[in-house]
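Same order as they appear, the protein sequences are chains X and C.
All the letters of the first sequence, read from the start, carry residue numbers 4 to 373 under the working numbering.
All the letters of the second sequence, read from the start, carry residue numbers 66 to 371 under the working numbering.
For the record, the hints were derived by calculation from the structure and aren't laboratory data.
Mixed in with the good hints there might be a few duds.
[Stated by the list, open to error] Partial selection, computed: residues in chain X whose CB lies under 10 angstroms from chain C: (1) Thr171; (2) Arg172; (3) Ala173; (4) Phe277; (5) Val351.
[Unchecked claim] Sample of chain X residues with no beta-carbon within 12 angstroms of chain C, all distances over it, derived: (6) Ser76; (7) Ala81; (8) Gly91; (9) Ala110; (10) Asp152; (11) Pro182; (12) Arg219; (13) Asp222; (14) Ala224; (15) Val247; (16) Pro298; (17) Tyr301; (18) Gly323; (19) Pro332; (20) Leu344; (21) Glu352.
[Unchecked claim] Restraint ranges, calculated between C-beta atoms of paired labels, are given here: (22) C/Gly171 to X/Ala72: 40 to 48 angstroms; (23) X/Glu120 to C/Pro187: 16 to 24 angstroms; (24) C/Thr341 to X/Ser36: 48 to 56 angstroms; (25) X/Gly241 to C/Gly225: 12 to 20 angstroms; (26) X/Arg219 to C/Ala255: 27 to 35 angstroms; (27) X/Ala72 to C/Asp239: 50 to 58 angstroms; (28) X/Asp79 to C/Gly230: 39 to 47 angstroms.
Idealized CB from N, CA, C, for every residue including glycine.
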Amino acid sequence: MRAVGWTGGRAVGVVAAVLLSAGPAVRLSAQDSARISEAQAILAPLVESYGVSGAEGPVRELVKRLLPAWAKSETDTAGNLWVRLGQGNPLIVFVAHMDEIGFRVTAVRDDGSLELEPRGGFIASLFEAQPALVHTDKGDVAGVFMPRDSGFARHTAPPLRVDVGTTTRAGTIARGVSPGQTVSMPKQFVRLAGTRATGRSFDDRVGDAAQILALRHLDRAALKHQVIFIWSVREEIGLEGAGVAAAALGTAPRRVHAIDTFVSADSPLEPPNFAVAPIGAGAVARALDNSSVTPPAYVDSLVHLARARSVALQVGTTNGGNDGSMFTPYGVVDVALGWPLRYSHSPVEVVDLKDVASLADLIRAIAESW
Amino acid sequence: MPSISTLRRTGGLADRRTAEAVLVAWAVLSARPPVRLSGQSLDQLAVRFASMTAVTGLEQAMTDSLLGLLPGSTRDRAGNVTLTIGQGAPKRLVQCPLDELGYVVGNITGDGYVLLRRVGAPTTYPLFDQQLEGHRVTVFGMKGAVPGVVAVKSTHLTRGRVGSGAPDLVFTVDNAYVDVGAATAADARALGVDVLAPVSLAKRPLPYGDRLLAAPGAGRRAACAALVAAVQTKPKVKGTVVVALTVQSLYTGNAGLASVKALLGPFDDTKTASLTTRYTDTAVETVALGDADALVKQLVTWMEGR
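Chain C on its own, in the form it takes in the complex (with noise of 0.2 angstroms):
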């Protein structure tokens, strides 16, 4: 199991309670792992990955992670991580998009309140921002991990202003005003905190039930953690195999698998590594670990070309 401080190198946690949170979590998982690995179980893998921030397009700080994962792997001029495994023909590439839906710094106010910008995709739950509402956030800033709430307006200080049929709008990231305990944008400032730093909610996955994992992007997130089980499984893959996890999925055209495919095509077969997901786009994305299981054979058994 790795250290704490290897997890706050390696993968852009937020911060020590996150990373603690996380080695709970993945304990209580390890207590029934149904694929073990020479270093970490599927299951701790997928916690770990979820854990993760990678805003689509600045997705730097989970791709180091995964070069230290992946021995031999490389990051290409779009920043995708690709490995090549085997050799001859057929070549064919697997890939798992690893970006998320997020948010950038587009603006600190006087008053030290940053302001956000979305990043990616339309996302299919409408309510993608209004989750931001009242919730922890972490910018990644220069200096590192910033923690940070989104303001909300206070229950008490409602009562008696709203009357009866008033809009009962929704919050859009043009209502975020992220608080980071600072008093002045030079206050935000010293923290790092500056225009384009990424922004994510806090990330805290959750195991609940008969191994499910609740995380925003879990799915993503699983699949791509199956995808590096099945390559640590060591398959004796037919002809070539590349193996990518993709960056900006969500974003300019899927411009990270584009890249691949330029960089290292043609292919004669391309297989995308993914899962159901329950509760999609949402803070408590649903994934059953027991799928990726089952993802992680008929990886093995694709790569192996049987």
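The following block holds chain X by itself, in its conformation from the complex (with noise of 0.2 angstroms):
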């Protein structure tokens, strides 16, 4: 159980926090319970697999495969994957982004070199002389982004490029790399200690699994309501997908539910004034964010229904904005959800598997009963 400071006038923060293993510290994935490993199962697959904002198509491929046989899904012209349940009025609304952070290739240089702009925030030193990834149609052509070769005294990067291993323009567009094309790094999921795991691009798998393992284990005969479940595009360059997903709507929707990281303060290297959520304790109710504020009514009403469900649910704050967010000026109240998320937006985000079935589990409770 956990109290967290929750800005908006008043503390509630009341947290229904049911640690869900009071197992070993360290446990080997052989010891798994069946949850982790059907989330694992799910989630790992959604990590290794890519889609920079604007190509998110290998995703949404991956996402249909693994709905339940019965759910029949649709894509709307931005590249937004639905799949529609239920009947009847409240209309709840779920929505995940697929895409993630990388670059896009903007020219080719002389040398053979890429040159890149990025699509989303991050920070850039990151990538600097790692591995690259162009994504083609043909396949991904590997390279590498090349390190600075001046400046190091300073942390940040310059401009990155990459070297796809030719010394002329010519070179690299006979390997089918050109202008528009997208670039990421190289990933892995990894199992770290006990239920935790490593990888990049969990901001937003996690909410993909979340939503895809809700749908398997929802109870459809017992939906009160329609219910849309949203795989969005392009959150991360300005929630693009969301918002055609909004309009679409307009004001028949009755809640959103944005699905979405929660930037933990959980690290030595932040300072714990907020984001106030330990990876293994549960569910977040992203309450307060750089662009939504859920009603404090709503945010009881949730905390009631986790605890009714026995779900784990920690109420935070934190930065960042969602998909909800596109929503709410069609008075649809945004109820963002997520899972502690440590090092967000880097190669080695760290998530616990059990936030990740603690999540499914409250978008399953909310679908069926709230």
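Taking the hints as your guide, dock the two standalone chains into a single complex.
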């Protein structure tokens, strides 16, 4: 049970923190419970697929394959993937984004190297002097993000370029590389001690996975109203896909639940002024961020629901925006949900799979009971 | 092609996933082998060696593997792997340094973060330590390889907190908190992690371009692969040739090579196997495997006294 200070004039913060495991602190994956194994089975392939903002196709196709067989999906003109179920009012929407941060090729230089522009916000030096992948129509082309050759007294990297091992523009183009293609870094889902894991783009593949897990376990007969699950595009570059979905639905939804990262200060490098939600202690009500404020009564109601369904839930405030904020201009209440994440937008984001499972349980509970 | 379990036993590979990645790279590279050896091609050896970790002074996992690759070789008291071929005069030495700049565990915090101490000589890349920040590492603990990550500030939480004109300080090893998923120091120790365990960046050698290979220390490892490949061609050496894969080249005055000379010398001539690299001392140090082909030929010619 954890109390978290909550900006908004009062301290709510009673947390239904049901710690999910009293088992050994260090646990091998071979000792996972069925729910942890299932969470990993869904999340790992999602993390290892590539989908820089504007190029989410591989992720979308994977989401389709991971959906339960009964789920009928549709893709809108923006590229968002929709699954509709249930009937009647109120209409509730869940939205998790499929895209990830990365780069786009802007030019091929005479020496064959690639000029880039970032897609999303991140610390560019984390990519400097690292392996690179250019995502082309004919497959990934390997290369390296070139290290700087001056400015060694600064942490900040200069504009990054990629070397694909060629020495001329023609040589690069012959490899199928051209402006407009996206670039990222090779990635792996790797288990750490206990139920923790690391990889890149947990933001927001955990949200994607949690929605899939919720759908797999949902009691469709228990639904009393219509529910729409959306996997959105281009969140990292301005919530663009969610904007299209929100405009399409207008004032019809009662609530929207953005399912996205709760960037946690659970790290030796972060001041604990806010964003205090330890990893492993459950899902998080992202009650206040840079794009939305959840009305306090909704937070209270959510906490009661979580308690009734024995779902681990923390309440907190963090930085960042969320897709749900695109719905609020239509009078839709944004009750954003997340899970605590360490080292956001880095190649080594860290999650606890227990939190993934509790987030999926919470989504299911909301769909069925709220 | 050796099995994954063999790779894990013999070379300090980080984990099964790394071994699988290496085998995939291996398969790609072997599609156009320039030098076919009885067991492995030069490209395969280079990828294999580049996957290994041998922090200077703590090279045993890699030298275990080398002993298996070079029948008749032995490990001397300093840890060097040596093989003597031929007999009589002249007596010559050909060597490659196999160690690398790296880290050892220096301390473990109460909340389970692992702190590091750098091992090795000054590097040519001034941002060597900054390459740790926000990247995966492997701690070679008493119970095997333990994956970890080096903590980095979350992008979102820095917004609005860094004023213009604030210092833009480079990341140093003293800023490195390694997160292995432990919540306490006892958790970390239960994984086999303790003071003096070697630590390196997680290694996944990357073939790219036209037979280029990128990896930490790729140049040294490709040169050592060329030396092993040259020996495996069974050259008809002139006189005696001592082949040495040396340790501690980056520390304590090149103690490994000095030991070889003291224990097996004097030598009439000494040759060092080395290759030109691009992006030297970075995580993507790049070597051209075509250059390694040429090095094999040079080494064979030298050993045969031609």
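Going through the hints against the structure:
Hint status for threonine 171 of chain X: violated, given a least beta-carbon distance of 12 angstroms to chain C, over 10 angstroms. Interface hint at arginine 172 of chain X: violated, since its Cβ lies 15 angstroms from the closest Cβ of chain C, which is beyond the 10 angstroms cut-off. Residue-level restraint check for alanine 173 of chain X is violated (minimum Cβ-Cβ distance to chain C is 14 angstroms; threshold 10 angstroms). Interface restraint check for phenylalanine 277 of chain X: the shortest CB-CB distance to chain C comes to about 9 angstroms, inside 10 angstroms, so the restraint holds.
Annotation: valine 351 of chain X was flagged as interfacial toward chain C, and the flag holds, the nearest CB pair being 4 angstroms apart, inside 10 angstroms. The Cβ of serine 76 of chain X sits about 30 angstroms from the closest Cβ of chain C, beyond the 12 angstroms cut-off, so the non-interface label holds. No beta-carbon of chain C comes within 12 angstroms of the beta-carbon of alanine 81 of chain X; the shortest separation is about 24 angstroms. Here glycine 91 of chain X stays apart from chain C, with its beta-carbon at least about 37 angstroms from theirs, past the 12 angstroms limit.
Non-interface call for alanine 110 of chain X relative to chain C: holds, since the shortest CB-CB distance, roughly 19 angstroms, exceeds 12 angstroms. Annotated as non-interface, aspartate 152 of chain X brings its C-beta within 12 angstroms of a C-beta of chain C; the closest such distance is 10 angstroms. No beta-carbon of chain C is positioned within 12 angstroms of the beta-carbon of proline 182 of chain X; the least distance is around 20 angstroms. Once the 12 angstroms rule is applied to beta carbons, arginine 219 of chain X is consistent with being away from chain C; the minimum gap is 26 angstroms.
Taking the minimum C-beta to C-beta distance to chain C, about 34 angstroms, the non-interface status of aspartate 222 of chain X holds against the 12 angstroms cut. No Cβ of chain C approaches the Cβ of alanine 224 of chain X within 12 angstroms, the least distance being about 39 angstroms, so the stated non-interface status holds. The beta carbon of valine 247 of chain X is kept farther than 12 angstroms from every beta carbon of chain C, the shortest such distance being approximately 24 angstroms. Every CB of chain C lies more than 12 angstroms from the CB of proline 298 of chain X, the least distance being 23 angstroms, so the non-interface label holds.
Remark: the non-interface label on tyrosine 301 of chain X is consistent with the geometry, its nearest Cβ contact in chain C lying 23 angstroms away (cut-off 12 angstroms). Not every CB of chain C lies more than 12 angstroms from the CB of glycine 323 of chain X, the least distance being 4 angstroms, so the non-interface label is violated. With a minimum CB-CB distance of about 23 angstroms to chain C, proline 332 of chain X clears the 12 angstroms threshold, and the non-interface call stands. Not every CB of chain C is more than 12 angstroms from the CB of leucine 344 of chain X (nearest about 8 angstroms), against its label as outside the interface.
With a cut of 12 angstroms on Cβ distances, glutamate 352 of chain X falls inside the contact zone with chain C, its closest approach being about 9 angstroms. At about 53 angstroms, the CB distance of glycine 171 of chain C to alanine 72 of chain X disagrees with the hint of 40 to 48 angstroms. Distance hint check: the CB atoms of glutamate 120 of chain X and proline 187 of chain C are about 35 angstroms apart, inconsistent with the given range 16 to 24 angstroms. Look at threonine 341 of chain C against serine 36 of chain X: about 53 angstroms separates their beta carbons, and that is inside 48 to 56 angstroms.
Look at glycine 241 of chain X against glycine 225 of chain C: about 18 angstroms separates their beta carbons, and that is inside 12 to 20 angstroms. Distance hint for arginine 219 of chain X and alanine 255 of chain C: a CB-CB separation of about 34 angstroms, consistent with the stated range 27 to 35 angstroms. Checked against the given bound of 50 to 58 angstroms, the beta carbons of alanine 72 of chain X and aspartate 239 of chain C, roughly 54 angstroms apart, stay inside it. In this structure, aspartate 79 of chain X and glycine 230 of chain C meet the distance hint of 39 to 47 angstroms, their C-beta atoms being roughly 45 angstroms apart.
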